[in-house]
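Given the structure of chain A, go ahead and fit chain B onto it with the hints provided.
2 protein chains.
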Amino acid sequence: MNIGVRREIEPGERRVAATPESVVQLVATGLDVSVERGAGAAAGYPDGEYAKAGARLVDTLDIERCDVLTHVRPLDAGTVARLAPGTITVGLAAPAANLPVVAALRDAGITSFALELVPRLSRAQSMDALTSQALVAGYRCVLEAAMRLPRFFPLYMTAAGTIPPARVLVLGAGVAGLQAIATAKRLGARVSAYDVRAASADEVASMGATFISLDVDTADGAGGYATELAEDRAARQRELLRPHIEAADVVITTAAIPGKPAPRLVGSDMLRGMRSGSVVIDLAAESGGNVEGSVPGSDIPIPLDGDRGTITLVGMKDVASAMPYDASRLYAKNVSNLLALMTVDGEVVPDFTDEVVGGACLTHDGIVTHQPTLEAMSPSAGTLETGLLR
Amino acid sequence: MNIGVRREIEPGERRVAATPESVVQLVATGLDVSVERGAGAAAGYPDGEYAKAGARLVDTLDIERCDVLTHVRPLDAGTVARLAPGTITVGLAAPAANLPVVAALRDAGITSFALELVPRLSRAQSMDALTSQALVAGYRCVLEAAMRLPRFFPLYMTAAGTIPPARVLVLGAGVAGLQAIATAKRLGARVSAYDVRAASADEVASMGATFISLDVDTADGAGGYATELAEDRAARQRELLRPHIEAADVVITTAAIPGKPAPRLVGSDMLRGMRSGSVVIDLAAESGGNVEGSVPGSDIPIPLDGDRGTITLVGMKDVASAMPYDASRLYAKNVSNLLALMTVDGEVVPDFTDEVVGGACLTHDGIVTHQPTLEAMSPSAGTLETGLLR
Numbered sequence: 127m128n129i130g131v132r133r134e135i136e137p138g139e140r141r142v143a144a145t146p147e148s149v150v151q152l153v154a155t156g157l158d159v160s161v162e163r164g165a166g167a168a169a170g171y172p173d174g175e176y177a178k179a180g181a182r183l184v185d186t187l188d189i190e191r192c193d194v195l196t197h198v199r200p201l202d203a204g205t206v207a208r209l210a211p212g213t214i215t216v217g218l219a220a221p222a223a224n225l226p227v228v229a230a231l232r233d234a235g236i237t238s239f240a241l242e243l244v245p246r247l248s249r250a251q252s253m254d255a256l257t258s259q260a261l262v263a264g265y266r267c268v269l270e271a272a273m274r275l276p277r278f279f280p281l282y283m284t285a286a287g288t289i290p291p292a293r294v295l296v297l298g299a300g301v302a303g304l305q306a307i308a309t310a311k312r313l314g315a316r317v318s319a320y321d322v323r324a325a326s327a328d329e330v331a332s333m334g335a336t337f338i339s340l341d342v343d344t345a346d347g348a349g350g351y352a353t354e355l356a357e358d359r360a361a362r363q364r365e366l367l368r369p370h371i372e373a374a375d376v377v378i379t380t381a382a383i384p385g386k387p388a389p390r391l392v393g394s395d396m397l398r399g400m401r402s403g404s405v406v407i408d409l410a411a412e413s414g415g416n417v418e419g420s421v422p423g424s425d426i427p428i429p430l431d432g433d434r435g436t437i438t439l440v441g442m443k444d445v446a447s448a449m450p451y452d453a454s455r456l457y458a459k460n461v462s463n464l465l466a467l468m469t470v471d472g473e474v475v476p477d478f479t480d481e482v483v484g485g486a487c488l489t490h491d492g493i494v495t496h497q498p499t500l501e502a503m504s505p506s507a508g509t510l511e512t513g514l515l516r
Numbered sequence: 127m128n129i130g131v132r133r134e135i136e137p138g139e140r141r142v143a144a145t146p147e148s149v150v151q152l153v154a155t156g157l158d159v160s161v162e163r164g165a166g167a168a169a170g171y172p173d174g175e176y177a178k179a180g181a182r183l184v185d186t187l188d189i190e191r192c193d194v195l196t197h198v199r200p201l202d203a204g205t206v207a208r209l210a211p212g213t214i215t216v217g218l219a220a221p222a223a224n225l226p227v228v229a230a231l232r233d234a235g236i237t238s239f240a241l242e243l244v245p246r247l248s249r250a251q252s253m254d255a256l257t258s259q260a261l262v263a264g265y266r267c268v269l270e271a272a273m274r275l276p277r278f279f280p281l282y283m284t285a286a287g288t289i290p291p292a293r294v295l296v297l298g299a300g301v302a303g304l305q306a307i308a309t310a311k312r313l314g315a316r317v318s319a320y321d322v323r324a325a326s327a328d329e330v331a332s333m334g335a336t337f338i339s340l341d342v343d344t345a346d347g348a349g350g351y352a353t354e355l356a357e358d359r360a361a362r363q364r365e366l367l368r369p370h371i372e373a374a375d376v377v378i379t380t381a382a383i384p385g386k387p388a389p390r391l392v393g394s395d396m397l398r399g400m401r402s403g404s405v406v407i408d409l410a411a412e413s414g415g416n417v418e419g420s421v422p423g424s425d426i427p428i429p430l431d432g433d434r435g436t437i438t439l440v441g442m443k444d445v446a447s448a449m450p451y452d453a454s455r456l457y458a459k460n461v462s463n464l465l466a467l468m469t470v471d472g473e474v475v476p477d478f479t480d481e482v483v484g485g486a487c488l489t490h491d492g493i494v495t496h497q498p499t500l501e502a503m504s505p506s507a508g509t510l511e512t513g514l515l516r
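So the sequences go chain by chain: A and B. With the working numbering applied, the first sequence corresponds to residues 127 to 516, in that order. With the working numbering applied, the second sequence corresponds to residues 127 to 516, in that order.
These are calculated hints, taken from the structure and not from any lab test. A quick note: this is a predicted structure, and the numbers were derived from the prediction, not measured. Be aware that one or more of the hints could be misleading.
No copy labels: a pair is met if it fits in one copy or bridges any two.
What the hints assert, rightly or not - Distance condition first, Cα-Cα at most 20 Å in a straight line; then the derived DMTMM-like pairs of lysine to aspartate or glutamate:
id, residue 1, residue 2
1, Lys178, Asp158
2, Lys443, Asp431
3, Lys443, Glu136
4, Lys386, Asp328
If we strip away everything but chain A, and leave its shape as in the complex, we get (with noise of 0.2 Å):
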């Protein structure tokens, strides 16, 4: 079966589906592998070594002839109609974002796979892409901040003086916001950390940081992620955060609720309380945001009270892009183990009633058969049973 690689067509994206050394992995399971031209030029994986790992090059993919499509971002409408019935996709598909394209792929008769809907099961992690992605974003965005604040991450003792490291607090402990944590500990700053989740503390403690606890119920959901406050213990979550939000010099919130718009953790008025030069770098400016006026993609500058200059509140946009080589391989090989658990001599032969293959499915033979999706898609369905929220 012929499996095809794509450059990426979404402006900005360098990231690519397949690496030379996920290639040789699909190879090995007996398919053939197309990769077009310069597919991973912007990630630092040049043409030439593709063809060495076994791949065949071609200058423009033919997507209507492709067994397997496999991408980095949701695929668009144009690019679905141009599928035959049959044809097997693996990528992200962001389905709450795109209902469109769900149901095109849906009305194409396309058997698309979502790495967002890898279930959170121990054999998967190999093939889990938002943890793969949230390693680096929570890598990237601590440099990120690091790079703007006025001061040293470390402590140094110097024959000037002593400098006290650089506080640093982080919002949300997920993937994103441990590897915030480690990274942000190894460049030296003194390291805290809150989520609303019940095994937070433990986690952010082992990574040498102080948990924040703040008296608010723990908000615990399906798969190890958060659930969505009410407004009243959110705004109560709020007035705790502000002395931990004044005391420091950056702020990195990560909170992510599956399906949800992210949370809005701060205030534009609790950042105005904070010293000059303070950086706030918000994860989740692409789903919402995590702090009240960040724009993804944007530096914007915020007064302090008191005329006592500016902080920088940093909106994320495309961050695991940012770091295209290492972000690719990681994906790629999601990819590839995925396409390797379906692959049977030289054949992707979905096994739907495997719990791993039948949870990443989002469409198959016409119809939407993630139940959180096909809801969102059909108002009437709201009384059908709710799938975990994922």
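Frame of chain A, contents of chain B only:
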């Protein structure tokens, strides 16, 4: 006596010669401090904090009436023309690059102290601005590299495979180079380093990096600085460095020879064998460049041999100014410590017989007191005894 602290006038300069903390020290020694409004704004020190520290805020500094003028960047001729005879100035002077200004300082009867000239003695360490600003530069250039590298610095062992640590090569292991080594190690990179000075091997090893021994003679100069290599040895050094550069993901060059252009350590042909996406940071770009083709303040893509993509050659510029809060904090302490050494009963009265005070003096009472600068200014002075190379 009145100490003036000005807003720096050089575009892009964000540092300031006094901080609220250093003002406290100056006031405690009996000096009056006038701070131009907004002088610390870009560095993150609001006017109000200077006032609290005991400074007088002025809309425009009355340069003609300052007893002592403190500054960061070398003074320009226009400012010097406004100073009253006998005024004391303290700041960076870059005399070798600013001979006309030195002549103006001499002719105006200014007692100027150049922080670059502070002797490398242990009791003068707290006044050594080259060291304090190199600390900032060394830390900063690693962040600049990490931001541009499409890969992680640390080793990661993930469910989707192991990512090896980035390989960082530091050329030149002075204060900035050692700080770059330390910061790259903190971030988890595998670090190696090279320097022509004999003492470097132990210093590099003590930071946890691998010292690269090349079969080239060492070149130690006065004050712990390096001296220039003869061209045949420099060529051999480049040839021996080539495989180390090609094996690196990040190369950081920090080599400087006092009073001379930066040594050329890396030819552009040596870059074309690197791997796609690699990053080369030339910290010496402003003083001639360690790397052929580097341009201060620019990122230059260098195409690799064999159509294998590009690397990025980064010429650094105004590095310390990019972290103005802590850079100013250290710099201001260097300035106030030198002033404290010269202050008796609230009067700045330099004792030129003090090795530190005399050494740091550039001009006094109508003469250029720094011998190498004097020689550079007067071609006929070639017959005078040569001062220490600084």
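In ascending order, which of the hints set out earlier in this document are inconsistent with the structure? Those not satisfied are hints 2, 4.
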